[in-house]
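For the record, the sequence lines run as chains A and B.
Residues 38 to 126 (this note's numbering) are what the first sequence spells out, left to right.
Residues 2 to 267 (this note's numbering) are what the second sequence spells out, left to right.
Each hint should be verified, as a subset may be incorrect.
Stated by the list, open to error - Here are the computed lysine-lysine pairs in the DSS-like style, where the Cα-Cα straight-line distance is at most 27 Å:
#1 B:Lys178 with A:Lys81
#2 A:Lys40 with B:Lys235
#3 B:Lys264 with B:Lys181
#4 A:Lys115 with B:Lys119
#5 A:Lys40 with B:Lys178
#6 A:Lys88 with B:Lys178
#7 B:Lys64 with B:Lys98
#8 B:Lys178 with B:Lys157
#9 B:Lys119 with A:Lys111
#10 B:Lys78 with A:Lys111
#11 A:Lys115 with B:Lys78
#12 A:Lys111 with B:Lys157
#13 B:Lys119 with B:Lys181
#14 B:Lys235 with A:Lys41
No wet-lab data here; the hints were simulated from the structure.
For clarity, every value in this text was computed on a predicted model and none was experimentally measured.
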Amino acid sequence: MTKKQTLDLYFLTARHLLIEVAAFMDRVDRSEGEEDFRIIAFRKAVEELSKGGSNRAERILNVFSDPTTEPVEKSASKSATGAYNPAFK
Amino acid sequence: MRYIEPHIHMVSRTTDDYIDLATSGCVAVSEPAFWAGYDRCSVDGFRDYFNQLTKYEPLRAKKYGIKHYCWLCLNPKESEDLNLTREVLSLIPEYIKSPNVLGFGEIGLNRNTRNEFKALEMHIELAAKLDVLILVHTPHLEDKLKGTRLTIEAIKNESIIKPERVIIDHAEEHTVKMIKDAGFWVGLTLYPQTKCTYTRAADIIEIYGSDKIMVNSAADWGESVPMAVTYFAKEMRLRGHPDSVIEKIVYENPIKFFSQSGKFVI
Chain A
38 MTKKQTLDLY
48 FLTARHLLIE
58 VAAFMDRVDR
68 SEGEEDFRII
78 AFRKAVEELS
88 KGGSNRAERI
98 LNVFSDPTTE
108 PVEKSASKSA
118 TGAYNPAFK
Chain B
2 MRYIEPHIHM
12 VSRTTDDYID
22 LATSGCVAVS
32 EPAFWAGYDR
42 CSVDGFRDYF
52 NQLTKYEPLR
62 AKKYGIKHYC
72 WLCLNPKESE
82 DLNLTREVLS
92 LIPEYIKSPN
102 VLGFGEIGLN
112 RNTRNEFKAL
122 EMHIELAAKL
132 DVLILVHTPH
142 LEDKLKGTRL
152 TIEAIKNESI
162 IKPERVIIDH
172 AEEHTVKMIK
182 DAGFWVGLTL
192 YPQTKCTYTR
202 AADIIEIYGS
212 DKIMVNSAAD
222 WGESVPMAVT
232 YFAKEMRLRG
242 HPDSVIEKIV
252 YENPIKFFSQ
262 SGKFVI
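Chain A on its own, in the form it takes in the complex (with noise of 0.2 Å):
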């Protein structure tokens, strides 16, 4: 596809995922109470975006991803949550 049919197809959509994430972002500031790991790790996973590279999707999967090697003892649930807690080494 050339840049103006992946733009036709694909642009308006990006937006609203775009301002959806802002709005994320700014419903968070509002709010009360502490920040955790996974706002933390979001705005990590937010400046990739303006980095340059074609592997961005990868790269903000890799923000999110627990970078350790070995098996861990044991797991506080059974669910998964979406940003690795370093408390949780």
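Starting from the known structure of chain A, arrange chain B on it as the hints suggest.
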């Protein structure tokens, strides 16, 4: 368009979904053994589940002209209990010869714990002994990268297993390359929020090509899209990919992989 749904949990879906799948061109489904959304009380729960997968569900699918195949295992969400793992594995040789069983799946890791890893090794060892195909579940979200690495390592440790007889599923942008480099098949799961989207799946195929890759919905009891493969096909068509490439991914590739079981017939 004819297609095969390579990963879907039909026991959790309604007959309306069978109608939609059939009318959209789906000719066969492959159903890995899965977590029920709650932990089963004992090994007897798995016997009932394996009976459902091997006896009842194929008849239900047949009413809509769809062939039903399945995979057996103790899923990673319940594999923290190693005694249960041993008990469930002891059931499998009894069911593995059923005509619709393609192999072991979806085996793998959930939170990457030591017990899950031990249970995965036990599954891999028995799969190698029985010489069956393997379908791997990779963990969700932040656990996927590490879990995919650990799983590849565990399978490679069982040197008798040929990588072309293994599909590593739920791959995303950060895991596709390592799966392909190790010689395994790649599964892309089109599942809301926690996995891939059909647009990203099309991107991945444009980057890595259409060899040894499949797309699936993994539709289950959660909010999911049983028709997701057709959305992917539409996306590929919209981008100008020829029907031959689309058919390769959604029909010919599943046949090529599943036929290695010696049981898969369309």
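Checked hints:
no.	hint	result
1	B:Lys178 with A:Lys81	holds (23 Å)
2	A:Lys40 with B:Lys235	holds (20 Å)
3	B:Lys264 with B:Lys181	holds (25 Å)
4	A:Lys115 with B:Lys119	holds (17 Å)
5	A:Lys40 with B:Lys178	holds (26 Å)
6	A:Lys88 with B:Lys178	holds (22 Å)
7	B:Lys64 with B:Lys98	holds (23 Å)
8	B:Lys178 with B:Lys157	holds (16 Å)
9	B:Lys119 with A:Lys111	holds (13 Å)
10	B:Lys78 with A:Lys111	holds (13 Å)
11	A:Lys115 with B:Lys78	holds (7 Å)
12	A:Lys111 with B:Lys157	holds (25 Å)
13	B:Lys119 with B:Lys181	holds (24 Å)
14	B:Lys235 with A:Lys41	holds (20 Å)
Hint compliance for this structure: every hint is met.
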